[in-house]
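Sequence order for the protein chains is A, B, C and D.
What the first sequence shows, in my numbering, is residues 1 to 264, in sequence order.
What the second sequence shows, in my numbering, is residues 265 to 528, in sequence order.
What the third sequence shows, in my numbering, is residues 529 to 792, in sequence order.
What the fourth sequence shows, in my numbering, is residues 793 to 1056, in sequence order.
Hints are supplied without guarantee of correctness; some may be wrong.
[Said to hold, decoys possible] List time: in silico DMTMM-like cross-link candidates among lysine to aspartate or glutamate, alpha-carbon distance up to 20 Å:
hint: 1; chain 1: B; residue 1: K335; chain 2: D; residue 2: D910
hint: 2; chain 1: A; residue 1: K54; chain 2: D; residue 2: E1034
hint: 3; chain 1: B; residue 1: K363; chain 2: B; residue 2: D267
hint: 4; chain 1: D; residue 1: K846; chain 2: A; residue 2: E153
hint: 5; chain 1: D; residue 1: K993; chain 2: B; residue 2: E354
hint: 6; chain 1: C; residue 1: K582; chain 2: C; residue 2: E650
hint: 7; chain 1: D; residue 1: K846; chain 2: A; residue 2: E242
hint: 8; chain 1: B; residue 1: K465; chain 2: D; residue 2: D910
hint: 9; chain 1: A; residue 1: K76; chain 2: A; residue 2: D9
[Said to hold, decoys possible] Not close to chain B: a few residues of chain A, all C-beta gaps over 12 Å, as computed:
hint: 10; residue: N24
hint: 11; residue: R163
hint: 12; residue: K206
hint: 13; residue: A211
Bear in mind the hints are in silico, worked out from the structure with no lab data behind them.
All C-beta atoms, glycine included, are put in the ideal place defined by N, C-alpha and C.
Each chain, letter by letter, is given below.
4 protein chains.
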Amino acid sequence: MIDVQSRRDERGIEIQKVGLKDVNLPFQIRMRDGGFQHVHGNVVVSVTLPHHFKGTHLSRFMELLMSWSEKPISWKEIRQILAELCSHLEVSAAEISLKFRYFLPVPAPVSGIVGYLDYLGEFRGVFRQPSGHFHFQLGAEIPVLSLCPCSKEISAYGAHNQRAAIRTLVHCSYPGKILWLEELIELLRIQGSCPIYPVLKREDEKYVTEAAYQNPKFVEDILRDSVLALRSEPRIRSFQVEVESYESIHNHSAFASHVEEAAD
Amino acid sequence: MIDVQSRRDERGIEIQKVGLKDVNLPFQIRMRDGGFQHVHGNVVVSVTLPHHFKGTHLSRFMELLMSWSEKPISWKEIRQILAELCSHLEVSAAEISLKFRYFLPVPAPVSGIVGYLDYLGEFRGVFRQPSGHFHFQLGAEIPVLSLCPCSKEISAYGAHNQRAAIRTLVHCSYPGKILWLEELIELLRIQGSCPIYPVLKREDEKYVTEAAYQNPKFVEDILRDSVLALRSEPRIRSFQVEVESYESIHNHSAFASHVEEAAD
Amino acid sequence: MIDVQSRRDERGIEIQKVGLKDVNLPFQIRMRDGGFQHVHGNVVVSVTLPHHFKGTHLSRFMELLMSWSEKPISWKEIRQILAELCSHLEVSAAEISLKFRYFLPVPAPVSGIVGYLDYLGEFRGVFRQPSGHFHFQLGAEIPVLSLCPCSKEISAYGAHNQRAAIRTLVHCSYPGKILWLEELIELLRIQGSCPIYPVLKREDEKYVTEAAYQNPKFVEDILRDSVLALRSEPRIRSFQVEVESYESIHNHSAFASHVEEAAD
Amino acid sequence: MIDVQSRRDERGIEIQKVGLKDVNLPFQIRMRDGGFQHVHGNVVVSVTLPHHFKGTHLSRFMELLMSWSEKPISWKEIRQILAELCSHLEVSAAEISLKFRYFLPVPAPVSGIVGYLDYLGEFRGVFRQPSGHFHFQLGAEIPVLSLCPCSKEISAYGAHNQRAAIRTLVHCSYPGKILWLEELIELLRIQGSCPIYPVLKREDEKYVTEAAYQNPKFVEDILRDSVLALRSEPRIRSFQVEVESYESIHNHSAFASHVEEAAD
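Construct the complete structure from the given sequences, taking the supplied hints into account.
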């Protein structure tokens, strides 16, 4: 049968990314404790397309993703998926983003009752041939509580507070030691006025309310403390981080963001 | 040219709704003060399809909507749009939902500085021929602040609070006096622990913080007070109302909802 | 510690639904083949609140959901979850909606290469005490391809086509035999102009293109054929079904919908 | 009243962006024909925060945005808004993104019947002091139809087709001549297999079906033709462009994207 994709293209444009978007597939994510977690993954995957080819063979992307759907994956496997893509499609660069909701058991602060809290996780990788260069980024979105220092200071009682989200994407050296998603979450979940919990009994709710009131933070404060935390982790070479606070007294959000590149 | 839609269908099924969804068009909404507001409308519109026709003529829906895109509309015009649809498409019933973001000027509680606050509005109508029966519903989503009574009571200081939304759909008699969207919003925007504002200077923020702390409400309380407010308005014959509170101490929402049908 | 929720309320309003919304938790769904599938569930859960109580105890909802997060569930377990809710919260009615993305292996029509296709599934239940009455609904959203009969008929070649979605919610008798989600999907995935596939090689793409061209269907046709299919299944007592076609030649959708109530 | 935001911060971190997100406000967009269009704008706005200040004064952002809500704006006014922000907040850089749905009249290709088609538009600007440097980007998302060349070539009849979106963000020199959003849309709306229309009578539908069949394009083709079109416009210095095709035969999208930086 005719292979239209392999026909010669005369426009002289090498396309930087061609691939699939919004692919939903089950995946297994390797966990720090040696096990793995079943997740619903949402994937964007692409390769470069040399200027002389009319198109790429998109069915091969799905076949390859399917073959990885039931094996535990982490950054090493992301590299392998991309190496296979480069080889199967005979291209010099491949790229992937795998996003998923990730559940971790979180005990309530006083009662100790455990529930699952949901975070957003992301594995993002770029692989180049023939150099074999691999660039890996780990992403997370972490819900926290923010309590306004200005509102507390100027009011006779109370202070407005709300849910906020810390979003980050960090770059770790390869080869070298990579952070676990669990570690990245632990680093940042304590940077708000107070962490957030799935189950809270009355004694826990008292604790959270008072802890947040004693630790008021603007989005600017949460951002700066997150920057300091990310800088303190030697395995992180560069990062971007954003804090968004869904203001309870307004119908919009306050936010702060910062990017820190590696020195080299 | 052949009219495939008008061919005879033998499956014997009268379809209850056939039409368009997710139509984006500019509209003008009549305001209480006699003026009108330009909005970006999102429309679902449909008619019944008699069992003997294979299909309906969808291009006529767009032509009709276009003809109404630049005239101020309110419930009377919704009735007229539906009557025209019934007549143009020779059907016995037509239905529409027009949703839009609606902006009203809201002064800050102390400084009086005015900003626009955005609400969601909806006009929903059903029209039947030959009876001429018209059923109209007015919808709104209104952001408020909720402050937890339990958190306040058990804590030495502070209380968790967050943005919440009151969503309602009310049915007014026709013929009869219809509520303005402005009136529905005014009725409900004061049912939370405190209203929400677009612009707040420090003196306003102090006011809002203290007012909310002095008026703690569960979603159950906001719902019950909203039910009482809606019952108190003689122009409303039946309603549904939901309160959703985006809990600041959790990664999920608390909600309460209630439906009250007309007695007849 | 003071139990604010249990305080007496004087407004005289029994609230129909009080509970949690947008709860994300991992669940296991029982499959027809005897196994189960790990899913990411999104839950809305509620109970009635008697008029004399100020509030309900929301932490108990999360504790109960957590206890079901790692046991395979189907309609029987949905009934049990709701019975436990009624008993733990001492209320007369409880309600749940559990939505999840569900993956099923689908072989390509010619090459037979298997990939996972993602559908949306929903378990919805209402349980009442002391009657023990249980109302269960099964929901699904199924992607299909729609090819326009009018476009085919009037054009010298080609016909516009696009992705469409069939959404349904069916009510099965209880006690009695309940449909598996797999069965509901199989019943409806063949009602478009052609099914949709995760992996298609060239020979498969030729098959799908030609099959769709030979089987043109308006949304009205897909809806009517879906109604006939749902009526033909004796385990389904009543249903609602909607077909939405994301028109390729417009920036809006065409849709048709129908509700059929049980005769009794 | 105490000004908590102006307190000294000792963490030594200058924050790159602090501001508001998801602000909904009405705006007026200047049109090419000399008039203006009322839109519902969604805004992200931020400034830098010097390391020695604890926080910024977010209420000033809303006051400034309000003052611009009822004056027609284009790139010149975006520059002025940012200059005012820098001056009011005494910072060295300010940034804004204003997104809105933009409606343009589009006549059907044969009947000439005119309807409004909705596009997404974006104004994005960065302003720096004391240099007065202003970087402006214009964004658009444009729906088109894509028809698969492979499907057409290998099939005896028909070809799968679907809605696709071309998304771009272009950078124009300042000072210099800026593109109108209308021009950017006109440049790209013809790069698919066929444009998309709001209203199509039968003779128009025949035209669109046949035109698309005679002009099959992969996402790669639409991307390359869009790149050539953007390169051909001398007012555009650099750009990014993505094409996403909502595949009718799959439950995922195909996409291609490309970034071209200015030479200097």
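Results of checking the hints against the structure:
1. B:K335 / D:D910: Answer holds: B:K335 to D:D910 is near 19 Å, not above 20 Å.
2. A:K54 / D:E1034: Cα-Cα ~17 Å, so holds.
3. B:K363 / B:D267: Violated, at about 33 Å.
4. D:K846 / A:E153: Cα-Cα ~14 Å, so holds.
5. D:K993 / B:E354: Roughly 18 Å between the alpha carbons, so the hint for D:K993 and B:E354 holds.
6. C:K582 / C:E650: With Cα atoms ~31 Å apart, C:K582 and C:E650 exceed 20 Å; violated.
7. D:K846 / A:E242: holds (17 Å)
8. B:K465 / D:D910: Not OK: B:K465 and D:D910 at ~37 Å, beyond 20 Å, violated.
9. A:K76 / A:D9: violated (35 Å)
10. N24: About 21 Å separates A:N24 from the closest Cβ of chain B, which puts it past 12 Å; holds.
11. R163: violated (5 Å)
12. K206: violated (5 Å)
13. A211: A:A211 is in fact no farther than 12 Å from some Cβ atom of chain B, at 9 Å.
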